[in-house]
Amino acid sequence: MTRRLRTGRRLLLPLTFLVLAGCGGDEEVAGGASDLPGPVPAHVRYAEPPSTSLPAPTFRGELLDGTPVEGRELWAERPHLVVFTASYCERCREIHRAAAEAADSFGGAAGLLGVVGEDDRSGAADYADELELGHPVALADERTWRNYAAREPGLVVLVAKDRVVRGWPRGANATELERALGLLIER
Amino acid sequence: MIRGAACIALAALAAGCGGGGKDVEARLTVVVPDNNIREEGSECSGARPFRAIHRGTAFTIADGSGAVVAEGELPAGTAADADPSIDWESELIPTVCTFELELDLPDRGRYRLVLPEALPLEFERRLLGDEPLRLVLSG
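Respectively, the protein sequence lines represent chains A and B.
Numbered by this note's numbering, the letters in the first sequence go through residues 236 to 422 in order.
Numbered by this note's numbering, the letters in the second sequence go through residues 13 to 151 in order.
Keep in mind the hints are simulated off the structure, nothing from the lab.
Backbone N, C-alpha and C define an ideal beta-carbon position, used for all residues, glycine too.
Honestly, I wouldn't trust all of these hints.
Stated by the list, open to error - With the C-beta cut set under 10 Å, the calculated list includes, among others, these residues of chain A facing chain B: (1) 296; (2) 323; (3) 352; (4) 356; (5) 377; (6) 405.
Unchecked claim - Partial list, computed: chain A residues near chain B (C-beta under 7 Å): (7) 325; (8) 326; (9) 386; (10) 387.
Claimed, not checked - Derived DEER-like restraints, expressed as beta-carbon distance ranges: (11) B:72 x A:293: 33 to 41 Å; (12) A:274 x B:97: 36 to 44 Å; (13) A:414 x B:52: 25 to 33 Å; (14) B:144 x A:289: 39 to 47 Å; (15) B:131 x A:271: 40 to 48 Å; (16) A:295 x B:60: 16 to 24 Å; (17) A:312 x B:72: 31 to 39 Å; (18) B:129 x A:311: 34 to 42 Å; (19) B:101 x A:293: 36 to 44 Å.
Model the full assembly from the supplied sequences, consistent with the hints where possible.
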């Protein structure tokens, strides 16, 4: 659904700009600010993360279009799947797609943030274009990777209300991720 | 697997101009001893602190005089059991990440494989044979 919406926006936006701004040149960047989630859907209620879950390490980065992003603000609003990935990682594509499928199944009540290394900026732009998931992708420094124990791309972490609820070091399929999100989201 | 055009071209140049005779077929296994938990045989890249070692990482091979005789990019890595003497009784096991290279090199006595953020890997011509030569990285 997200992909259809995004494709639709891609078709409409250039036309809109041509008419209103006269070849102004503003462009959406895959994984950029235009892929940040909208308002949380009304009537969604969230469960508290398990009391045994650990505090989420600080997350500050920037999206692929340069927009600063603060993790705490994202996961204060709704639970997020955070996918640590890399442009050179083939299997990460499948993991990232599975996470998007799981997040999308909650109709905006769950979020997804892809995270790449700071030295992967140009590769990540192509990666985001290729996957076209309609979710933001952030560049994060080495300390952030270490703080989340992301030793290798492919880690998925579930973060809710500033707590790390669970991690999957080698990724997980959409069903498993959806089940984990479902424990935090009352639909 | 890698028999990159750039690699062959450079190796051929070095050998051809130098008059050094036949190329040597080099089969190398670059081992990243990161001991990360993975499924054996799955795609991998170097886990921290070897994060710079992954598919697409550029490498060079120099001869004993320091002249670059080959260059190329790493293929995707494959996870291999870190200690086959142990029955881990699990699909997820401690592994190393291995990268297979197959190159034609000009005939020299010594070589040095250089990868980013790692110490160079030295090897000798006499050690090259039918079986891949294992070169273990250190940080």
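Here's how the hints hold up against the structure:
{"no.": "1", "hint": "296", "in the structure": "violated (16 Å)"}
{"no.": "2", "hint": "323", "in the structure": "holds (5 Å)"}
{"no.": "3", "hint": "352", "in the structure": "holds (7 Å)"}
{"no.": "4", "hint": "356", "in the structure": "violated (14 Å)"}
{"no.": "5", "hint": "377", "in the structure": "holds (8 Å)"}
{"no.": "6", "hint": "405", "in the structure": "holds (6 Å)"}
{"no.": "7", "hint": "325", "in the structure": "holds (6 Å)"}
{"no.": "8", "hint": "326", "in the structure": "holds (5 Å)"}
{"no.": "9", "hint": "386", "in the structure": "holds (4 Å)"}
{"no.": "10", "hint": "387", "in the structure": "holds (4 Å)"}
{"no.": "11", "hint": "B:72 x A:293: 33 to 41 Å", "in the structure": "holds (38 Å)"}
{"no.": "12", "hint": "A:274 x B:97: 36 to 44 Å", "in the structure": "violated (57 Å)"}
{"no.": "13", "hint": "A:414 x B:52: 25 to 33 Å", "in the structure": "holds (27 Å)"}
{"no.": "14", "hint": "B:144 x A:289: 39 to 47 Å", "in the structure": "holds (42 Å)"}
{"no.": "15", "hint": "B:131 x A:271: 40 to 48 Å", "in the structure": "holds (42 Å)"}
{"no.": "16", "hint": "A:295 x B:60: 16 to 24 Å", "in the structure": "holds (19 Å)"}
{"no.": "17", "hint": "A:312 x B:72: 31 to 39 Å", "in the structure": "violated (48 Å)"}
{"no.": "18", "hint": "B:129 x A:311: 34 to 42 Å", "in the structure": "holds (36 Å)"}
{"no.": "19", "hint": "B:101 x A:293: 36 to 44 Å", "in the structure": "holds (38 Å)"}
The structure shown violates the earlier hints numbered 1, 4, 12 and 17.
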